[in-house]
Structure formats: structure tokens, C-alpha cells
Amino acid sequence: MIPRNLRLTALLRAGCLAAALLAPLAGQAKEAAPLADDPVVEQRMIAISEDLRCLVCQNESLAGSHAELAEALRDEIRVQIRAGKSDKEISDYLVERYGDFVLYRPPLKAATLLLWFGPVALALVGLGALVRILRRRSREVPAATLSAAEADQADALLASLERQPQDSSDKRSS
Amino acid sequence: MNKFLWPLVGFLVLIGFLAAGLVIKGNRGEGGGQEILPSQFLNKPAPAFVLPLLHEPGKTFTPADMKGKVWLANFWGSWCPACKDEHPVLVEFAKQGVVPIVGVDFTLEKGAEETERERAKIWLEKLGNPYAVTVFDGRGKVSIDYGVYGAPETFLIDKEGVIRLKHVGPVTPEVIATKLMPAIRELSK
Numbered sequence: 001m002i003p004r005n006l007r008l009t010a011l012l013r014a015g016c017l018a019a020a021l022l023a024p025l026a027g028q029a030k031e032a033a034p035l036a037d038d039p040v041v042e043q044r045m046i047a048i049s050e051d052l053r054c055l056v057c058q059n060e061s062l063a064g065s066h067a068e069l070a071e072a073l074r075d076e077i078r079v080q081i082r083a084g085k086s087d088k089e090i091s092d093y094l095v096e097r098y099g100d101f102v103l104y105r106p107p108l109k110a111a112t113l114l115l116w117f118g119p120v121a122l123a124l125v126g127l128g129a130l131v132r133i134l135r136r137r138s139r140e141v142p143a144a145t146l147s148a149a150e151a152d153q154a155d156a157l158l159a160s161l162e163r164q165p166q167d168s169s170d171k172r173s174s
Numbered sequence: 001m002n003k004f005l006w007p008l009v010g011f012l013v014l015i016g017f018l019a020a021g022l023v024i025k026g027n028r029g030e031g032g033g034q035e036i037l038p039s040q041f042l043n044k045p046a047p048a049f050v051l052p053l054l055h056e057p058g059k060t061f062t063p064a065d066m067k068g069k070v071w072l073a074n075f076w077g078s079w080c081p082a083c084k085d086e087h088p089v090l091v092e093f094a095k096q097g098v099v100p101i102v103g104v105d106f107t108l109e110k111g112a113e114e115t116e117r118e119r120a121k122i123w124l125e126k127l128g129n130p131y132a133v134t135v136f137d138g139r140g141k142v143s144i145d146y147g148v149y150g151a152p153e154t155f156l157i158d159k160e161g162v163i164r165l166k167h168v169g170p171v172t173p174e175v176i177a178t179k180l181m182p183a184i185r186e187l188s189k
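In the order they appear, the protein sequences are chains X and E. Under full-length UniProt numbering, the first residue of the first sequence is numbered 1, with each subsequent residue one higher. Under full-length UniProt numbering, the first residue of the second sequence is numbered 1, with each subsequent residue one higher.
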């Protein structure tokens with residue numbers, strides 16, 4: 001924990017120094033505001049926000065959204081990372097405000113049981129039905145025994161089949 | 001039942017779910033504000049804040065100032081078209097003097113603070129001012145604290161400072177009649 005903090009402050013210091021050195025240049029290049037003044041914070045922010053839903057464009061992650069709310073929330077995440085909050089604390093902060101809906105991986109609880117296990121249950125039901133159908137079918141096949149007349153007919157057919165190759169060979173030899 | 005009907009039944013159930021999804025969720029587009037997300041703060045104390053007044057930045061407002069009153073907190077911004085639809089309704093409602101409405105003008109856009117402040121003032125001058133107090137949340141920090149994810153959003157807060165109701169999307173006469181007024185009457189007792 002301590003070495004990480006040290007590394008972070010070292011990075012921050014380096015960042016500040018760089019910013020101070022580059023300040024005169026910044027006046028000339030207004031558009032080129034640094035995207036990530038601290039790569040470590042940025043990386044964590046992206047990792048956290050990829051698991052979060054943008055509230056405005058609900059099919060996008062917080063990491064990928066251009067909505068203003070998403071930008072503001074990413075800023076908030078950055079601030080909290082710098083304040084030394086853990087990933088869990090940060091996502092809890094957002095859940096407290098926006099509910100489980102912000103999480104792409106909803107927590108396991110009574111209300112989400114169906115969400116988590118519904119597909120598994122559905123697959124099990126399907127598998128069960130399949131097994132039942134297959135079993136019934138395999139039971140039905142041996143049950144199809146032949147009556148006496150049918151057996152006689154089958155025997156006759158088999159007998160004629162056995163004779164046939166002999167006949168053909170006879171014809172060829174003659 | 002004929003066993004060949006079961007797949008059909010399953011199919012119809014699936015269609016039912018899809019239809020329900022389409023009908024219930026609806027659009028959160030202009031004018032059609034549907035409550036998709038219930039507020040996390042329902043029946044919890046309204047988050048505290050201190051914000052400057054829109055017109056007098058030197059003065060501040062905090063929810064504690066409203067203690068003992070039933071009031072509405074209405075989050076809006078001059079950048080929000082649905083807020084424009086809602087505005088005349090709020091002006092009319094404010095005239096009835098049922099509850100004080102606190103306007104929270106906010107923007108999340110970076111660097112747009114001062115523009116928003118100016119535009120909001122012009123807005124209120126032109127379209128009428130339904131707010132007992134208008135506060136300015138230039139960085140949108142308070143809106144985030146309240147879990148606001150769009151605008152307008154309106155919170156009904158009781159005498160003890162507890163959030164009792166949240167409405168996402170424009171307040172319409174219908175919303176007032178069917179949703180706000182019954183709750184306000186209940187809370188004002």
C-alpha cells in the first residue's frame with residue numbers, strides 16, 4: 001500500500017513539474033489539453049468505469065460514453081481515486097446514487113435471482129425435457145415387436161436375400 | 001392439452017414478455033418521462049448541500065432552510081428542451097401556492113458554468129419564475145449527489161427533509177393531479 005502511494009505521489013509530482021514546465025506552451029495550444037495527466041489514475045478510472053453503465057445512453061459503459069453525465073462521473077471517479085478510495089468504495093458511491101442499475105454485473109440478491117439463475121434454470125428445464133423425450137423414444141423402439149405373421153414374413157424375406165447372391169453368382173458362372 | 005401446443009404456448013409467453021418490455025419501458029424522450037429508475041433516496045433524507053443562489057451568488061441555500069415545510073426540488077437547466085415544456089406547468093402550479101418549489105439550475109458541461117448562469121437568468125425573466133428559491137449547481141455536483149441522470153427531475157421532500165417522491169421527466173398537469181397533489185396532501189397533514 002505504502003509503496004504504491006509513494007509511486008503515485010511521485011507520479012503526481014512529476015506530472016505537476018511537467019505541467020509547470022509546459023505551462024508557457026499551453027497558452028499557445030489551447031485545444032491540446034492533456035487527456036490523461038496521470039496515467040495510473042486514468043487506467044484505474046477506465047477499469048472501474050468499464051463495469052458501469054452510462055445512465056443517459058443506457059447501452060454504453062461509463063468508460064465509452066460521451067454523455068455529459070458520463071464525463072462528469074468519470075471526473076468524479078478520478079477525484080475519488082486520487083483521494084485514495086478503493087474500487088469498491090467508488091462503485092458503492094455510484095450505486096448509492098443510481099442504484100444497482102449502474103452496474104453491468106448486478107449483485108446477487110433476492111430481486112436478481114431470476115436474472116442470475118433464470119437462464120440456467122431454463123437450460124435445465126430444456127435439458128430435462130430433452131432427456132424425457134429421448135428416453136420415451138428409446139422405450140418405444142424395443143416395444144415394437146413383431147407379430148407371428150410378421151415374423152414369418154421377415155424370415156421369408158431374409159431367406160430370399162440369402163438365396164439371391166447365390167443365384168447371381170450362378171448366372172455369372174454359366 | 002395437445003403436446004404440440006406447448007411450444008406455441010412458450011412462444012406466446014415470450015412474445016408477451018417482449019411486448020411488456022416495449023410498453024412498460026417506453027421512451028424517456030421529450031414529454032414522455034417514464035420512471036425507469038426509482039430514486040435510491042426514496043424515504044431517505046434528502047442529501048445535504050450548500051449552493052449559491054442563482055441571482056445572488058453571495059447568498060446560499062441549504063435544504064435545512066426548508067425544515068418544517070413540504071417542498072419540491074426541481075432540477076433543470078437552460079440546455080434541456082423538456083424543461084422548457086415543463087416550465088409553464090410549474091409557473092401555473094406555483095401560482096396556486098401549494099408548496100414552495102426550489103429550482104436547482106445545473107449543468108454538467110465543462111466550462112459552461114457562467115453561460116448557464118446567464119442563460120438561466122434570462123430564461124426565468126422571459127418565461128416566468130415559478131421558484132421560491134433558485135440555486136445554482138454549476139458543476140452539477142449536487143445533481144449527481146441526488147442521482148439525477150437527466151432533466152427535469154423533481155423531488156418531493158417532506159417536513160422532516162425526507163424524499164417522498166421522485167418524478168423523472170416534465171411535470172405535467174396530469175402528474176400534478178394524480179401524483180404530486182395526493183402525496184402533498186398526505187404529507188401536509
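Please keep in mind that the hints were generated in silico from the structure rather than gathered at the bench. Cβ coordinates follow ideal geometry from the N, Cα and C atoms, glycine included. Treat the hints with caution; some may be incorrect.
To be verified - Computed beta-carbon distance windows for the label pairs: (1) Val98(E) / Asn59(X): 48 to 56 Å; (2) Gly128(X) / Phe17(E): 16 to 24 Å; (3) Pro182(E) / Val56(X): 52 to 60 Å.
Said to hold, decoys possible - Here are the computed lysine-lysine pairs in the BS3-like style, where the Cα-Cα straight-line distance is at most 27 Å: (4) Lys110(E) / Lys121(E); (5) Lys69(E) / Lys85(X); (6) Lys110(E) / Lys59(E); (7) Lys95(E) / Lys110(E); (8) Lys109(X) / Lys179(E); (9) Lys85(X) / Lys110(E); (10) Lys44(E) / Lys88(X); (11) Lys67(E) / Lys166(E); (12) Lys179(E) / Lys69(E); (13) Lys95(E) / Lys59(E); (14) Lys88(X) / Lys141(E); (15) Lys110(E) / Lys189(E); (16) Lys166(E) / Lys141(E); (17) Lys3(E) / Lys59(E); (18) Lys189(E) / Lys84(E); (19) Lys85(X) / Lys141(E); (20) Lys44(E) / Lys109(X); (21) Lys159(E) / Lys44(E); (22) Lys121(E) / Lys59(E); (23) Lys189(E) / Lys159(E).
27 Å Cα cutoff - pair Lys44(E), Lys88(X): holds (22 Å)
Does Lys69(E) sit within 27 Å of Lys179(E), going by the straight-line distance between their CA atoms?
holds (18 Å)
task = Assess, step by step, whether the Cα of Lys95(E) is no farther than 27 Å from the Cα of Lys59(E), and give holds or violated.
result = Holds, because 25 Å separates the two Cα atoms, which is no more than 27 Å.
- Between Lys85(X) and Lys110(E), is the straight-line Cα distance small enough, at 27 Å or below? holds (24 Å)
Lys95(E) paired with Lys110(E) [C-alpha distance capped at 27 Å]:
Given that 27 Å is the threshold and the Cα spacing comes to 35 Å, the pair is violated.
Quiz item: CA of Lys110(E) to CA of Lys59(E), is that 27 Å or under?
Solution: Holds - the C-alpha atoms of Lys59(E) and Lys110(E) are around 24 Å apart, at most 27 Å.
Checklist line | Given pair status - Lys121(E), Lys110(E), alpha carbons within 27 Å | finding: It holds: about 19 Å lies between the C-alpha atoms, which stays within 27 Å.
- Item | Lys88(X) paired with Lys141(E) [C-alpha distance capped at 27 Å] | Within the cut-off at roughly 21 Å; holds.
Verify the proposed pairing of Lys69(E) with Lys85(X), using a straight-line Cα cut of 27 Å. Roughly 37 Å between the alpha carbons, so the hint for Lys69(E) and Lys85(X) is violated.
- Going straight from one Cα to the other, do Lys44(E) and Lys109(X) come out at no more than 27 Å? holds (21 Å)
- Query: Is Lys3(E) within 27 Å of Lys59(E), Cα to Cα?
  - Reply: With Cα atoms ~74 Å apart, Lys3(E) and Lys59(E) exceed 27 Å; violated.
Could you check the hint for me, namely that Gly128(X) and Phe17(E) are 16 to 24 Å apart, CB to CB? holds (22 Å)
Hints 1, 3, 5, 7, 8, 15, 17, 18 from the list above are not met by this structure, while the remaining hints are.
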